[in-house]
Amino acid sequence: MKNKIVYTLLILGIVSCRAQTISLDQLSQCENKPDCPDYVYLKDTNNRLNKFVGIWKGAYTDGRTYEFHFIKKENDGGWFNEKFWDRIIGRFIAKDNVGNIIYSSMNNNDLNSMSGYYFDKNLIKYQMYYSGNAECNDKGYVYLSFPDPSNLNQMKLVFMQDMDIIASCPNGYKTVIPDAKGIILIKQ
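Numbering (mature numbering (1 follows the signal peptide of the UniProt record, and there is no 0)), first residue to last: -19 to -1, 1 to 169.
One thing to keep in mind: the hints can contain errors.
[As the list claims (entries may be wrong)] Straight line, CA to CA, 25 Å or less: simulated SDA-like cross-link-like pairs of lysine to any residue:
hint	residue 1	residue 2
1	K32	Q7
2	K53	G35
3	K24	N118
4	K64	F127
5	K53	N28
6	K38	F127
7	K102	P18
8	K38	Y84
9	K38	K106
10	K38	N152
11	K54	Q10
12	K137	Q7
13	K168	P15
14	K54	K155
15	K102	K155
16	K24	G80
17	K64	K106
18	K53	E116
19	K168	I82
20	K106	D91
21	K137	G80
22	K53	Q142
23	K24	G44
24	K38	S126
25	K53	I36
26	K64	S9
27	K155	N118
28	K32	K64
29	K54	E116
30	K24	K155
[Unchecked claim] Pair ranges (Cβ atoms, derived):
hint	residue 1	residue 2	range
31	N81	C17	36 to 46 Å
32	Y154	P15	32 to 42 Å
33	Q7	N152	25 to 35 Å
34	Q135	C11	43 to 53 Å
35	L133	I83	34 to 44 Å
36	V34	N93	38 to 48 Å
37	P151	Y122	15 to 25 Å
Everything labelled a hint here was simulated from the structure, so no lab data went into it.
Keep in mind it's a predicted model, so treat the numbers as computed, not measured.
Glycine residues also receive a C-beta, built at the ideal position from the N, C-alpha and C atoms.
With the sequences and hints as input, model every part of the structure.
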């Protein structure tokens, strides 16, 4: 009986050492991997993600319009590395200058949608990953921020394309979200 109790306490001790929760704020302050605490759950303890949730609309200068739907997922993940986190999941519709849908991820599952990761060191920009047309290198990081922190009804979105070399894309292909250009979105 004593052995079972000791064994149970040992297992609980090992699990509790590994099962650490840290905040998005803590992770944003890590300069490099050795400085970051190991974690199992990355939690939005200060509710920083809530301001991104909702439907946001905007337009680019060439007439393309965008409608983004952002939701907050809590305790999400655990598929491959057994880590969980609070994050934003985004889906969107893009239309050309005459209103034709050129891209929609509205029916995508969470794994194939725009997925959030973490904040920058200053807790101003939230980083997400997007992959629309990977064959044409239409994939990369999306950064969300608020140009005026006192106005949470206007958000800036910037897409930074991955630097892969693609040879099979049609001439004149444009990424769905303009590369390295800001789009101002208005909360609906």
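Cross-check of the supplied hints:
With a C-alpha separation of about 19 Å, the suggested pairing of K32 with Q7 holds against the 25 Å cut-off. Simply put, K53 and G35 have alpha-carbon atoms about 9 Å apart, close enough for the 25 Å limit, and the pair holds. With a C-alpha separation of about 31 Å, the suggested pair K24 and N118 falls outside the 25 Å cut-off, and the hint is violated. Distance hint between K64 and F127 is unfulfilled; the C-alpha atoms sit about 28 Å from each other, more than 25 Å.
A hinted pair counts as satisfied when its Cα atoms are at most 25 Å apart, and K53 with N28 qualifies at roughly 10 Å. Using a Cα cut-off of 25 Å, the hinted pair K38 and F127 holds, with the two alpha carbons roughly 14 Å apart. As the CA atoms of K102 and P18 are separated by approximately 15 Å, the hinted pair is consistent with the 25 Å bound. Proximity of K38 to Y84 is assessed by CA-CA distance (about 15 Å); at most 25 Å being required, the pair is judged to hold.
The suggested pairing of K38 with K106 holds, with an alpha-carbon distance near 19 Å, which does not exceed 25 Å. Between K38 and N152, the direct Cα distance comes to roughly 29 Å. Violation of the 25 Å bound is thereby established for this hinted pair. Taking the CA atoms of K54 and Q10, the gap is about 22 Å. The hint holds against a cut of 25 Å. Distance restraint check for K137 and Q7: the Cα-Cα separation of roughly 24 Å lies within the 25 Å cut-off, and the hinted pair is therefore satisfied.
This hinted pair does not check out: K168 and P15 have alpha carbons roughly 38 Å apart, beyond 25 Å. Using a Cα cut-off of 25 Å, the hinted pair K54 and K155 is violated, with the two alpha carbons roughly 31 Å apart. Taken as a hint, the K102 and K155 pair is broken in the structure, with Cα atoms around 31 Å apart against an allowance of 25 Å. About 39 Å separates the Cα atoms of K24 and G80, which puts this hinted pair outside 25 Å; it is violated.
For a cut-off of 25 Å, the pair hint linking K64 to K106 stands: about 22 Å separates their Cα positions. For the suggested pair K53 and E116, the alpha carbons sit about 29 Å apart, so the restraint of at most 25 Å is broken. Between K168 and I82 the alpha-carbon distance is near 21 Å, which keeps this suggested pair within the 25 Å criterion. For the hint linking K106 to D91, the alpha-carbon distance of about 21 Å falls within 25 Å, and the restraint holds.
Proposed proximity of K137 and G80 is supported: the alpha carbons are some 22 Å apart, at most 25 Å. For the hint pairing K53 with Q142, the CA-to-CA distance comes to about 24 Å; that is within 25 Å, so the pair holds. About 38 Å separates the Cα atoms of K24 and G44, which puts this hinted pair outside 25 Å; it is violated. Distance check on the hinted pair: K38 and S126 sit about 15 Å apart at the alpha-carbon level, within 25 Å; holds.
Between the alpha carbons of K53 and I36 the distance comes to roughly 12 Å, so the proposed pair stays at or under 25 Å and holds. Between the alpha carbons of K64 and S9 the distance comes to roughly 17 Å, so the proposed pair stays at or under 25 Å and holds. Under the criterion of a C-alpha separation no larger than 25 Å, the hint pairing K155 with N118 is consistent with the structure, at around 10 Å. Distance restraint check for K32 and K64: the Cα-Cα separation of roughly 24 Å lies within the 25 Å cut-off, and the hinted pair is therefore satisfied.
Proposed proximity of K54 and E116 is contradicted: the alpha carbons are some 28 Å apart, above 25 Å. For the hint linking K24 to K155, the alpha-carbon distance of about 36 Å lies beyond 25 Å, and the restraint is violated. Our hint of 36 to 46 Å for N81 and C17 holds, since their Cβ atoms are close to 45 Å apart. Restraint check, Y154 to P15: a C-beta distance of roughly 40 Å satisfies the suggested window 32 to 42 Å.
A hinted range of 25 to 35 Å is violated for the C-beta pair Q7 and N152, which are about 47 Å apart. In this structure, Q135 and C11 break the distance hint of 43 to 53 Å, their C-beta atoms being roughly 30 Å apart. Checked against the given bound of 34 to 44 Å, the beta carbons of L133 and I83, roughly 29 Å apart, lie outside it. Range check, V34 to N93: Cβ separation about 20 Å, and the 38 to 48 Å hint is violated.
A hinted range of 15 to 25 Å for the beta carbons of P151 and Y122 is consistent with their spacing of about 24 Å.
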